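Colleague: Same order as they appear, the protein sequences are chains A and S. All letters in the first sequence, in the order written, are residues 0 to 415 by numbering that gives the first Met the number 0. All letters in the second sequence, in the order written, are residues 0 to 415 by numbering that gives the first Met the number 0.
Certain hints may be false.
One copy or two, either will do: identical chains are not told apart, so a pair holds if it fits within one copy or between any two.
[Stated by the list, open to error] Simulated pairs of lysine to any residue, SDA-like, Cα-Cα distance not exceeding 25 Å:
#	residue 1	residue 2
1	223	404
2	232	347
3	49	356
4	213	71
5	280	334
6	404	250
7	223	10
8	55	23
9	18	297
10	404	87
11	108	90
12	404	380
13	404	372
14	213	192
15	298	23
16	108	89
17	18	334
Everything labelled a hint here was simulated from the structure, so no lab data went into it. Predicted model only: the values in this text are computed from it and were never measured.
There are 2 protein chains.
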Amino acid sequence: MTVREMAAKTHQAYQSFLKQGSSAMKDRILGSVAEKLDARRGLLIAENHKDLLAGKEQGLSAALLDRLTLNEARIDGMIRSCREIISLNDPVGRIYDMHVRPAGFRVGKMRVPIGVIGIIYEARPNVTIEAAALCLKSGNAVILRGGTSAYYSNMALVSVLQEALLDNGIDRHLLSYLDSRERSAVDEMLQQDDLIHLIIPRGGESLIRSVAEKSRIPVLKHYKGVCHVYVHKSADPAMARAIILNAKVQRPGVCNAAETLLVDAALAETFLPAALQDLQKAGVEIRACERTRDIYSEKVLAASEEDYYTEFLDLILAVKIVDDIDAAVDHINRYGSAHTDAIVTRDIDAANTFIRNTDSASVIVNASTRLADGGVYGLGAEIGISTDRLHARGPMGLEELTSYKWIVLGEGQIRE
Amino acid sequence: MTVREMAAKTHQAYQSFLKQGSSAMKDRILGSVAEKLDARRGLLIAENHKDLLAGKEQGLSAALLDRLTLNEARIDGMIRSCREIISLNDPVGRIYDMHVRPAGFRVGKMRVPIGVIGIIYEARPNVTIEAAALCLKSGNAVILRGGTSAYYSNMALVSVLQEALLDNGIDRHLLSYLDSRERSAVDEMLQQDDLIHLIIPRGGESLIRSVAEKSRIPVLKHYKGVCHVYVHKSADPAMARAIILNAKVQRPGVCNAAETLLVDAALAETFLPAALQDLQKAGVEIRACERTRDIYSEKVLAASEEDYYTEFLDLILAVKIVDDIDAAVDHINRYGSAHTDAIVTRDIDAANTFIRNTDSASVIVNASTRLADGGVYGLGAEIGISTDRLHARGPMGLEELTSYKWIVLGEGQIRE
Numbered sequence: 000m001t002v003r004e005m006a007a008k009t010h011q012a013y014q015s016f017l018k019q020g021s022s023a024m025k026d027r028i029l030g031s032v033a034e035k036l037d038a039r040r041g042l043l044i045a046e047n048h049k050d051l052l053a054g055k056e057q058g059l060s061a062a063l064l065d066r067l068t069l070n071e072a073r074i075d076g077m078i079r080s081c082r083e084i085i086s087l088n089d090p091v092g093r094i095y096d097m098h099v100r101p102a103g104f105r106v107g108k109m110r111v112p113i114g115v116i117g118i119i120y121e122a123r124p125n126v127t128i129e130a131a132a133l134c135l136k137s138g139n140a141v142i143l144r145g146g147t148s149a150y151y152s153n154m155a156l157v158s159v160l161q162e163a164l165l166d167n168g169i170d171r172h173l174l175s176y177l178d179s180r181e182r183s184a185v186d187e188m189l190q191q192d193d194l195i196h197l198i199i200p201r202g203g204e205s206l207i208r209s210v211a212e213k214s215r216i217p218v219l220k221h222y223k224g225v226c227h228v229y230v231h232k233s234a235d236p237a238m239a240r241a242i243i244l245n246a247k248v249q250r251p252g253v254c255n256a257a258e259t260l261l262v263d264a265a266l267a268e269t270f271l272p273a274a275l276q277d278l279q280k281a282g283v284e285i286r287a288c289e290r291t292r293d294i295y296s297e298k299v300l301a302a303s304e305e306d307y308y309t310e311f312l313d314l315i316l317a318v319k320i321v322d323d324i325d326a327a328v329d330h331i332n333r334y335g336s337a338h339t340d341a342i343v344t345r346d347i348d349a350a351n352t353f354i355r356n357t358d359s360a361s362v363i364v365n366a367s368t369r370l371a372d373g374g375v376y377g378l379g380a381e382i383g384i385s386t387d388r389l390h391a392r393g394p395m396g397l398e399e400l401t402s403y404k405w406i407v408l409g410e411g412q413i414r415e
Numbered sequence: 000m001t002v003r004e005m006a007a008k009t010h011q012a013y014q015s016f017l018k019q020g021s022s023a024m025k026d027r028i029l030g031s032v033a034e035k036l037d038a039r040r041g042l043l044i045a046e047n048h049k050d051l052l053a054g055k056e057q058g059l060s061a062a063l064l065d066r067l068t069l070n071e072a073r074i075d076g077m078i079r080s081c082r083e084i085i086s087l088n089d090p091v092g093r094i095y096d097m098h099v100r101p102a103g104f105r106v107g108k109m110r111v112p113i114g115v116i117g118i119i120y121e122a123r124p125n126v127t128i129e130a131a132a133l134c135l136k137s138g139n140a141v142i143l144r145g146g147t148s149a150y151y152s153n154m155a156l157v158s159v160l161q162e163a164l165l166d167n168g169i170d171r172h173l174l175s176y177l178d179s180r181e182r183s184a185v186d187e188m189l190q191q192d193d194l195i196h197l198i199i200p201r202g203g204e205s206l207i208r209s210v211a212e213k214s215r216i217p218v219l220k221h222y223k224g225v226c227h228v229y230v231h232k233s234a235d236p237a238m239a240r241a242i243i244l245n246a247k248v249q250r251p252g253v254c255n256a257a258e259t260l261l262v263d264a265a266l267a268e269t270f271l272p273a274a275l276q277d278l279q280k281a282g283v284e285i286r287a288c289e290r291t292r293d294i295y296s297e298k299v300l301a302a303s304e305e306d307y308y309t310e311f312l313d314l315i316l317a318v319k320i321v322d323d324i325d326a327a328v329d330h331i332n333r334y335g336s337a338h339t340d341a342i343v344t345r346d347i348d349a350a351n352t353f354i355r356n357t358d359s360a361s362v363i364v365n366a367s368t369r370l371a372d373g374g375v376y377g378l379g380a381e382i383g384i385s386t387d388r389l390h391a392r393g394p395m396g397l398e399e400l401t402s403y404k405w406i407v408l409g410e411g412q413i414r415e
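Looking at chain A on its own, in the form it has when it is part of the complex (with noise of 0.2 Å):
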């Protein structure tokens, strides 16, 4: 079967699921994989242990294998998602916006499912499932093209999946998997712009910036977290500290960790010198700009100009003192990656003008960056984040994997 092929049959399987996927048989299908899973624990294991050994071959590393491997925890965690994914409302059918118009029809828009969703990802299998939970509850089709070093692990996993569909009479192609062992099946797929309607890539910057450019289907993705905390002069500074200090430390290697702290020059003497004390003790490694350095110098080094661009994934922060906070959103708009930018004040115009001012996914008052997250938000669960600008931005849960359709109910009018 052709790339093509298989898109056909995903989209012809898309179509006849708008037909019967009420809320109660998406709610069964999920119900299904995860007594699957269950089920199979055994089988799961033991086909991951195949990935597992090919990997240690060729050489992956130890955090590569350890995003491999499928234990009781990981399927214990699968099933968990499935079930949280039956617990979320299901976002397909809601009416909203319906007004009477002068005519005397009624007009407003439904909630549809955006259509055939390919998910483009790396090694850990349990995305596989995530992602087609995620993708059935909102009603859309998916072709899932998970790593090549996961290829028993997600050939077992999509078993569990089409099993399911087809115990409860629906087409196995709506959860479709693409050979993740033929390379040239990814260009291939992102050519077919008739017949699926949405990439999403999730992995490192180089996977996803080589999937946009091919892509004639459009993509939601982000390519890198560069956030920024910004304490200005107001700032309560016990609080400031207790920010930054989370937003860089608690989980450094994810995207809504901060990379840069930008301080008002009027606070910088005060709270530069116990803020970087707390950081290192922490074990960051400071890069700050000449002005931070003439205030507080141990163990600091100079940041360059690409040191403001670089998303670390690591225990690194640059830090560097603006005028104001004009200065601090001009450097935030100009260095960062439009994901997740914070500001510590007490000052309401500060805050204000913050919000407006910051082109960012999501501008946060008083808080760390690290809640920009599908859970923390109350999305229930999280098939990505993006820092697009059409369709969604920040976390996306079900009601991003949906688009709407107008609706018009007349009484026979007619267009004078």
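Following the hints, position chain S against chain A.
Modeller: What follows is chain S alone, placed relative to chain A:
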């Protein structure tokens, strides 16, 4: 100035306008535009005359020359558009879905401009003013690229726009114009995905296909409108006749005119002869399936498979008898363009099934497809119609020219 340099200046002007562009300021600029259009009628008509002369020399059709013409009435229309857009609510800055999370911080969304929007269009110079006014009111910067045949008219209109910006202390590059005499400039513009955030092409299908194929920037568009009226067996025959007649003949050259009539077999013998006679009296050529021709054959051509995919934009109608609502929906989802499709029915189950299963941007019950329009739906003004599935579907107004960002208002919350 290269295309990239112009895009960079427009991007810079967008970022500055984020800070300056209050609703009052935006309305003041639009007021200046309206005044200047009124004051410069003579110049605008003289510059337009140059385009008309050149167009005649090049042998443009009478229809194209008509679209190209700026006269007093059309200048009145542009002034009226500015005034209407002033009267619409500013969508930017609206905060919604704000709620308190268990950790005590508030989270919600705020409407924000999309950023820099490229509008690519053809002969009609009044689009220059209407598109610029809609983008400005929604806080966006815009790069306009009109048709070569309207070069002098557009230069004069862009002067009006840019002077209105300068008079109000705004960078004139907020509204830029790409010289339409350099054909390669569009291709270069479509590559600037770090500086331009959305492309809206308006015009014929070939222009739009070419833009969509070349663009690395997201595109909102519709290729064509193959709209259906489906007459369910329970339909009120008089209502159905009035709706299909209006949908086909009231303005056949537009994208929301009906191109195909589908009729339930159970109703066909009583309904079709009278309905087709109505249409023929209005000058409509009928191309029908064999079953239709068995019932009514007078001056009825045989429809080809291709006819059902065709946007005639003319007094031509394809007609097909279908067995039931399922067959009607399958036909629409297969042959249609997902633009606008209507059912005529007195059966609430049929209406609900049609609303749910028809996968189009506008789904209409008991009214004409001609209602699918930004003005008729109450958007106030329309920048275009989308048959894409992401961000915006159907008629697009000011709201659809905005995106959102997440706002988090905390009191020192960190991630545990």
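Colleague: Look at each hint and say if it fits the structure.
Modeller: Each hint tested on the structure:
Proximity of residue 223 to residue 404 under the C-alpha cut-off of 25 Å is restricted to the inter-copy arrangement: shortest distance 17 Å between copies versus 32 Å within a copy. Taking the closest pair of Cα atoms, residue 232 and residue 347 come within 25 Å of each other only inside a single copy of the chain (12 Å); across copies the shortest separation is 62 Å, beyond that limit. Taking CA atoms no more than 25 Å apart as the test, residue 49 paired with residue 356 passes in neither setting, with 51 Å inside one copy and 43 Å between copies. Taking identical chains as interchangeable, the C-alpha atoms of residue 213 and residue 71 are never at most 25 Å apart, the minima being 38 Å within one chain and 48 Å between chains.
Proximity of residue 280 and residue 334 under a CA criterion of 25 Å is satisfied in neither setting, with 27 Å inside one chain copy and 66 Å between copies. Taking the shortest Cα distances, residue 404 and residue 250 sit within 25 Å of each other only across copies (24 Å), while inside one copy they are farther apart (40 Å). Taking identical chains as interchangeable, the C-alpha atoms of residue 223 and residue 10 lie at most 25 Å apart only when they sit on different chains, with a minimum of 21 Å there against 31 Å within one chain. When the C-alpha separation of residue 55 and residue 23 is checked against a cutoff of 25 Å, the pair qualifies neither within a copy, at 43 Å, nor between copies, at 64 Å.
When the C-alpha separation of residue 18 and residue 297 is checked against a cutoff of 25 Å, the pair qualifies neither within a copy, at 66 Å, nor between copies, at 38 Å. Taking the shortest Cα distances, residue 404 and residue 87 sit within 25 Å of each other both inside one copy (22 Å) and across copies (23 Å). Taking the shortest Cα distances, residue 108 and residue 90 sit within 25 Å of each other both inside one copy (13 Å) and across copies (18 Å). For the homomeric pair residue 404 and residue 380, the shortest alpha-carbon distances inside one copy (24 Å) and between copies (19 Å) are both at most 25 Å.
In this assembly of identical chains, the alpha carbons of residue 404 and residue 372 lie at most 25 Å apart only when taken from different copies (13 Å versus 28 Å within one copy). Taking CA atoms no more than 25 Å apart as the test, residue 213 paired with residue 192 passes in both settings, with 12 Å inside one copy and 13 Å between copies. Taking the closest pair of Cα atoms, residue 298 and residue 23 never come within 25 Å of each other, the shortest separation being 60 Å inside a single copy and 51 Å across copies. In this assembly of identical chains, residue 108 and residue 89 lie within 25 Å of each other by CA distance both inside one copy and across copies; the values are 16 Å within and 21 Å between.
For the homomeric pair residue 18 and residue 334, the shortest alpha-carbon distance between copies (18 Å) is at most 25 Å, but the shortest distance inside one copy (47 Å) is not.
Checked against the numbered hints above, the structure violates hints 3, 4, 5, 8, 9 and 15; every other hint is satisfied.
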